[in-house]
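Chain B is already provided as a structure; the job is to place chain H on it using the hints.
Protein sequences, first through last, are from chains B and H.
The working numbering puts the first residue of the first sequence at 1, with every later residue one more than the last.
The working numbering puts the first residue of the second sequence at 1, with every later residue one more than the last.
Derived by calculation from the structure, the hints in this document are not laboratory data.
A portion of the hints provided could be inaccurate.
Chain copies aren't distinguished; within one or between two, either way the pair holds.
What the hints assert, rightly or not - Result set (DSSO-like, lysine-lysine): computed pairs, CA atoms no more than 30 Å apart in a straight line: (1) Lys277 - Lys219; (2) Lys315 - Lys219; (3) Lys219 - Lys241; (4) Lys42 - Lys315.
A quick note: this is a predicted structure, and the numbers were derived from the prediction, not measured.
2 protein chains.
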Amino acid sequence: MNISRRLVRSLVMTLLGGLSFIALPAAAQDPLPSWNDTGPKKAIIAFVARVTKPGTPDFVPVNQRIATFDNDGTLWAEQPVYFQFEFAIDRIKLLSAGHPEWKTQEPFASLMEGDIPRALARGEQDVVDAISATHAGMTTEAFDRIARDWIRTKRDARFKRTYISLVYQPMIELLDYLRANGFKTFIVSGGGAEFIRAFAEEAYGIPPDQVVGSSGRLKYQMRGDVPELLKLPAVDFINDKDGKVVGIQKFIGRRPIAAFGNSDGDQQMLEWTAAGKGPRLALLVHHTDATREWAYDRDSRIGTLDKALDMAVEKKWTVVSMKDDWNAIFPKQ
Amino acid sequence: MNISRRLVRSLVMTLLGGLSFIALPAAAQDPLPSWNDTGPKKAIIAFVARVTKPGTPDFVPVNQRIATFDNDGTLWAEQPVYFQFEFAIDRIKLLSAGHPEWKTQEPFASLMEGDIPRALARGEQDVVDAISATHAGMTTEAFDRIARDWIRTKRDARFKRTYISLVYQPMIELLDYLRANGFKTFIVSGGGAEFIRAFAEEAYGIPPDQVVGSSGRLKYQMRGDVPELLKLPAVDFINDKDGKVVGIQKFIGRRPIAAFGNSDGDQQMLEWTAAGKGPRLALLVHHTDATREWAYDRDSRIGTLDKALDMAVEKKWTVVSMKDDWNAIFPKQ
Numbered sequence: 001m002n003i004s005r006r007l008v009r010s011l012v013m014t015l016l017g018g019l020s021f022i023a024l025p026a027a028a029q030d031p032l033p034s035w036n037d038t039g040p041k042k043a044i045i046a047f048v049a050r051v052t053k054p055g056t057p058d059f060v061p062v063n064q065r066i067a068t069f070d071n072d073g074t075l076w077a078e079q080p081v082y083f084q085f086e087f088a089i090d091r092i093k094l095l096s097a098g099h100p101e102w103k104t105q106e107p108f109a110s111l112m113e114g115d116i117p118r119a120l121a122r123g124e125q126d127v128v129d130a131i132s133a134t135h136a137g138m139t140t141e142a143f144d145r146i147a148r149d150w151i152r153t154k155r156d157a158r159f160k161r162t163y164i165s166l167v168y169q170p171m172i173e174l175l176d177y178l179r180a181n182g183f184k185t186f187i188v189s190g191g192g193a194e195f196i197r198a199f200a201e202e203a204y205g206i207p208p209d210q211v212v213g214s215s216g217r218l219k220y221q222m223r224g225d226v227p228e229l230l231k232l233p234a235v236d237f238i239n240d241k242d243g244k245v246v247g248i249q250k251f252i253g254r255r256p257i258a259a260f261g262n263s264d265g266d267q268q269m270l271e272w273t274a275a276g277k278g279p280r281l282a283l284l285v286h287h288t289d290a291t292r293e294w295a296y297d298r299d300s301r302i303g304t305l306d307k308a309l310d311m312a313v314e315k316k317w318t319v320v321s322m323k324d325d326w327n328a329i330f331p332k333q
Numbered sequence: 001m002n003i004s005r006r007l008v009r010s011l012v013m014t015l016l017g018g019l020s021f022i023a024l025p026a027a028a029q030d031p032l033p034s035w036n037d038t039g040p041k042k043a044i045i046a047f048v049a050r051v052t053k054p055g056t057p058d059f060v061p062v063n064q065r066i067a068t069f070d071n072d073g074t075l076w077a078e079q080p081v082y083f084q085f086e087f088a089i090d091r092i093k094l095l096s097a098g099h100p101e102w103k104t105q106e107p108f109a110s111l112m113e114g115d116i117p118r119a120l121a122r123g124e125q126d127v128v129d130a131i132s133a134t135h136a137g138m139t140t141e142a143f144d145r146i147a148r149d150w151i152r153t154k155r156d157a158r159f160k161r162t163y164i165s166l167v168y169q170p171m172i173e174l175l176d177y178l179r180a181n182g183f184k185t186f187i188v189s190g191g192g193a194e195f196i197r198a199f200a201e202e203a204y205g206i207p208p209d210q211v212v213g214s215s216g217r218l219k220y221q222m223r224g225d226v227p228e229l230l231k232l233p234a235v236d237f238i239n240d241k242d243g244k245v246v247g248i249q250k251f252i253g254r255r256p257i258a259a260f261g262n263s264d265g266d267q268q269m270l271e272w273t274a275a276g277k278g279p280r281l282a283l284l285v286h287h288t289d290a291t292r293e294w295a296y297d298r299d300s301r302i303g304t305l306d307k308a309l310d311m312a313v314e315k316k317w318t319v320v321s322m323k324d325d326w327n328a329i330f331p332k333q
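Pulled out of the complex, with its shape left as it was, chain B reads as follows:
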């Protein structure tokens, strides 16, 4: 996945999609080869055809073709715990030499031992604060280097793949397909924006300014005569549930016409998207494939899919069964 090749390709596809009045050779190739010819693929292709046909009532101008994607569990895997959580645990281990008190202090002690349930036992806020501490006290540029490196070199326990290769091949095809049809694609994630930006351009073709996520406070200061941005150990914005709709308005400023998620954290984003006028696509990825990936929904602590699944049935949103609707999960290596 070479950045400049992806960008040029993305640019060309955007142009081809945007200038749909130019005659093009018929697209002989399947744009979504990792999707089986089942309901979700048909729904996606029908939606795109509907909004891109000039002169029809459902036509949507290019500048309004906004598509938002959750990240964890929608664009890449999230089990057994969010990858940023794994990253934070590695940071705690690395920094622990300078913090002997962590050996007995919770949640650090449990996190270093990999006992996540015990770490979470005292409440999520403690863990969030601990993660926040490992992401602060450095410049934004230093953090970017650390995250960039970890995501590309560290491998997960089950698949033995680098984290950056635990992205979903069908969703990468979907992102490309939407951009080829004039859509602007955004990530709208509960995860940290700076963490996602460290790989989203290479993995998904999504530039940093199209990543909306949770964030910590920043401080602009001079080190000698060199300006720098310091990451502070304080949460600024949590981009989850209601916060995703707020984040969409703050960062994108326009209601999406298509939204993609996998958990209750995405329910409001899909609800907001679906409630707009005209054709809308609201899609949930349902993790149903314990063999090739993971199977979980209502009872999972990570990526809980419960209320949003009920709403999907009620509102007739598109639900992807990874087992039945995808013929590939991760990119070939």
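Just chain H, lined up with the frame of chain B:
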């Protein structure tokens, strides 16, 4: 200024700029006709040539060609007071029927009489709170409609032009020129993001998600079974001075290589931009033309240009004299 024509044009120009390896007919037309052939125009063209020439050490890949523009006083006028301030005063007058107490309550009383100095006498915070109140208590969509209409119909006292036509023609050419060379152009303004978004796409070809500005808090809620975003009368983020650099990181996530401002509020943005590695363009618009526009700098309450002007001299930033370097100010009507 038709939106879809602008968008298609912008898309084509982006492609032509991005795919600079494709042979193009020599650009016979001057891309910056409203700029005199003086220092600033030469500096801009030399900078763009330098960063877009493949195979040279100064070449900057398309995805890193980020240019940020202040809005008030840089892309459109800002005297005798910020236009959003005029908008807020009109809102106060309109809402005053339901608020009889405002007739004696400051700063409302002074604002309704148009006595800005007296309104500001008790401190800026009171005025900011009053403006904030006029921008809240409605949905984001209702606010957008109100702002969109006001900016296109209300005329200023001196030039008798609609506010949307008080944009600077040379800067519009500059935005187009940068985009034609593969730049992604952003507004980074102390003004309200939602207010600027109501006209930036039509006036500048800048879509809502590329507008970074100050903002109020939002609340996602259901009205019956219809979701809505309510604007709350509380400031969330002030995108000015240090805040502009923080805003750039939060919203864009990448350091600009070119930045354009006109006041001390832009100093940190230009400093941050200029401090990056490789070629950089930091430019200040100096208001020197009392005949065609306004002349002000160090002593002006609006758009104070004092410390940033000293820094521009010290750091050899480009300074545009509107009187000497621009042969047109506003678009022809």
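Now the hints, each set against the structure:
1. In this assembly of identical chains, the alpha carbons of lysine 277 and lysine 219 lie at most 30 Å apart only when taken from different copies (21 Å versus 40 Å within one copy).
2. Taking the closest pair of Cα atoms, lysine 315 and lysine 219 come within 30 Å of each other only across two copies (23 Å); inside a single copy the shortest separation is 44 Å, beyond that limit.
3. When the C-alpha separation of lysine 219 and lysine 241 is checked against a cutoff of 30 Å, the pair qualifies both within a copy, at 27 Å, and between copies, at 12 Å.
4. With identical chains, the CA atoms of lysine 42 and lysine 315 are at most 30 Å apart within one copy only, with a shortest distance of 18 Å there and 58 Å across copies.
Comparing the model with each numbered hint stated earlier shows that all of them hold.
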